[in-house]
Amino acid sequence: MRILRTLFAALCMLPFAVSGAMSLEVKSGVIRVDRTRPLPVSRLDLPPEDLGFAGAQLGLEDNQTTGRFLGVDFTLETRAVPPEEAAAALEDLKAQGVNLVVVMADAETLLDLAGRAGPEVLLLNARAPDAVLRNEACRANLLHVAPSRAMRTDALMQYLVWKKWPRLFLIHGSHPEDRLLAESYRASARKFGAKIVEEREFVDTGGARRTDTGHVQVQRQMPVFTQRAEEHDVIVAADESDVFAAHLPYHAWDARPVVGSGGLLPVTWHAAHEAWGATQFQRRFERLTGRSMREEDYQVWLALRIIGEAVTRTGKGDPASLRAYALSDQFELAAFKGQKVTFRPWNGQLRQPILLGNRHVTVSVSPQDGFLHQNSQLDTLGTDRPETTCGAF
Amino acid sequence: MKTAWLILPALLASATPSFANKVFVTNERGNTVTVLDSDSWEVIGEFPAGNRPRGITISPDGKELYVCASDDDTVRVFDPETYEELHTLPSGPDPELFVLHPSGNPLYIANEDDNLVTVVDTKTRQVLAEVPVGVEPEGMAIHPTGKYFINTSETTNMAHFIDSASYDITDNILVDQRPRYAEFSTDGNKLYVSAEIGGTVTVIDTSSEAPAIIDKISFEVPGVQPEWLQPVGVKATADGSRVFVALGPANRVAVIDGATDEVLEYLLVGQRVWQMAFTPGEEFLITTNGNSNDVSIIDVKDEKVIRSVQVGEQPWGVVVAPD
Chain A
9 MRILRTLFAA LCMLPFAVSG AMSLEVKSGV IRVDRTRPLP VSRLDLPPED LGFAGAQLGL
69 EDNQTTGRFL GVDFTLETRA VPPEEAAAAL EDLKAQGVNL VVVMADAETL LDLAGRAGPE
129 VLLLNARAPD AVLRNEACRA NLLHVAPSRA MRTDALMQYL VWKKWPRLFL IHGSHPEDRL
189 LAESYRASAR KFGAKIVEER EFVDTGGARR TDTGHVQVQR QMPVFTQRAE EHDVIVAADE
249 SDVFAAHLPY HAWDARPVVG SGGLLPVTWH AAHEAWGATQ FQRRFERLTG RSMREEDYQV
309 WLALRIIGEA VTRTGKGDPA SLRAYALSDQ FELAAFKGQK VTFRPWNGQL RQPILLGNRH
369 VTVSVSPQDG FLHQNSQLDT LGTDRPETTC GAF
Chain B
6 MKTAWLILPA LLASATPSFA NKVFVTNERG NTVTVLDSDS WEVIGEFPAG NRPRGITISP
66 DGKELYVCAS DDDTVRVFDP ETYEELHTLP SGPDPELFVL HPSGNPLYIA NEDDNLVTVV
126 DTKTRQVLAE VPVGVEPEGM AIHPTGKYFI NTSETTNMAH FIDSASYDIT DNILVDQRPR
186 YAEFSTDGNK LYVSAEIGGT VTVIDTSSEA PAIIDKISFE VPGVQPEWLQ PVGVKATADG
246 SRVFVALGPA NRVAVIDGAT DEVLEYLLVG QRVWQMAFTP GEEFLITTNG NSNDVSIIDV
306 KDEKVIRSVQ VGEQPWGVVV APD
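Quick mapping for you: the protein sequence lines, in order, are chains A and B.
Residues are numbered in my numbering as their position in the first sequence, beginning at 1, plus a constant of 8.
Residues are numbered in my numbering as their position in the second sequence, beginning at 1, plus a constant of 5.
The following block holds chain A by itself, in its conformation from the complex:
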């Protein structure tokens, strides 16, 4: 038994146990699709010029440090384009021999790119949260590093149930993505046994989101909007469009905590997160960029590390080999979240813990204790194998 195990270990390590002496160039690219959007409610959320690209740069440097010891040269190309130029950017990258491409785009643009990319290109989704991309519209050449909406809403719901705050007052926005998020919260509540006692829609009537004395009106409007709701433990805000959720804490009629798009947020990354060695990672990023790390930076960093890890372990740089390795049982990656992240082989979604944070600190990390699963506790977040409608994997 032991001999078998030893043999196995020896075989697995064969390419590098001898000494790193291969010569390989691995070209990766990042396409960021920028839409014209209203300014965020808080100026703290203004997107930096290098959003995502900064994470890519750190991921590249991390990969290069490892590559230096192994004789692998990692390169990076970045493109920031409006939606109508996304296809051209992909063509341009392909023409330069870049066939590992991280994409920060909306679902529609991403699907279009996946269709154009063809099987010889591997795309890694670092932004779009849509369930449809992981289910009926899934694509074999598209892996998802960004979590789905369901993973985030499940992560938050587990915490509310653990906290014994099961009565939810759901307030959602009027944009399509807000409705999708609300639907995801409804599903999460059903899944974990919480109850939505009341729902309201906050209609976006347009106009400037920040005005000089805006707080004066907000202080009158939000209490009125939230009064006479059914008895609830917590307000769940589904406001992906960033219209009202930031104004709910301290303004709601009843003294109840706010979670979701305001108050306690389910996130992939938090600039204050320090556990599991994250401090050093945050400092590396801050030294490189002069700012703190955003979720999208983390997601793009993670995408590049996935490429780096697959190259390091397989000794190959072609998309087919890397995809096969990433989806295999062998793949695992440390991502400063206390446990390895791996891929769901049924739809190419990266399993990952979700942080729950307010503006200042990490409050908790899901999955929560006691939410068990027969395979991986991380599969208590999002669409599990029996529920998936993805047929491309």
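Just so you know, the hints here were simulated from the structure itself, not pulled from any lab data.
Be aware that one or more of the hints could be misleading.
Short derived list, chain A residues pointing at chain B, Cβ under 10 Å [said to hold, decoys possible]:
#	residue
1	L52
2	D53
3	T73
4	R321
5	Q347
6	Q385
We put the CB at the ideal spot given by N, CA and C, even for glycine.
Given chain A, put chain B in place with the hints provided.
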């Protein structure tokens, strides 16, 4: 003081003579070092050790105690008798773990923030070398001959073999995710590298010219989620018969047969067991338990946990004064 210790066991003629040694535990959150007596297991002192003290070691002559004060970007040197700070050593940023040359000089320090290993002369307090290694260097070990030392890098997932004379990296061995700690067998023929997130301990043969992976130890505890089996600290007995591995949030220490690499047993200790140290005769193994603010004492021969002792906030590292 020393004479009192000598007289006491002499009076108890029938008992096995056991000399009490001081046990030093860094408290990462408490910013202190707790001192225990290895005979009574009572806390006999506590002193401030700078900001975020983690790695700790002691000179072979027992005269200097070294503490990585991670948030102060320095190594603090204390008198193990008076607990006074003697001086500091230039460590480079964010020192976490280090290892002393068997002779007591120099000190090899992992700088987690800078992808460097800093080599410091403990007498002249000068930096002798800075060796570029992988991303987030952490574990440090030195071969018993002193000819080369090991650094593990957490994000690069490698054990780097570094020549002590030239500071050249001679070999890089890829291990599993987030390698935390490296430990040689006393004869220098085996190197154990724990991978916290990978959940394994890689056994590397170092008896011949080129190091090679010969085994990979994995862990399984009924009722514990596999993802919480996170190996961190590793200690091997001098005779090579047993290897102890601290399993972090699994709250257990694995006992491994040093000859076959089979896990024999799991000992339940405190929460988030991190680093370990033997008493000089290897009668006892002390484990730091970060989330329960205590240390567990393992009877090495019986392979049993005999007691736990409350120390400061979030104990991290431990070292025992030599005889």
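Verification of the supplied hints:
The restraint placing A:L52 at the interface with chain B is violated, with a minimum CB-CB distance near 26 Å, outside the 10 Å limit. For A:D53, the suggested interface contact is broken, since its CB lies about 28 Å from the closest CB of chain B, more than 10 Å. Interface restraint check for A:T73: the shortest CB-CB distance to chain B comes to about 5 Å, inside 10 Å, so the restraint holds. A hinted interface residue such as A:R321 counts as satisfied when its beta carbon comes closer than 10 Å to some beta carbon of chain B; here the least separation is about 8 Å, so the hint holds.
At about 4 Å, the closest approach between the beta carbon of A:Q347 and any beta carbon in chain B falls short of 10 Å, and the interface hint on this residue holds. Among the interface hints, the one on A:Q385 holds; its C-beta lies about 6 Å from the nearest C-beta in chain B, closer than the 10 Å criterion.
Checked against the numbered hints listed earlier, the structure breaks hints 1 and 2; every other hint is satisfied.
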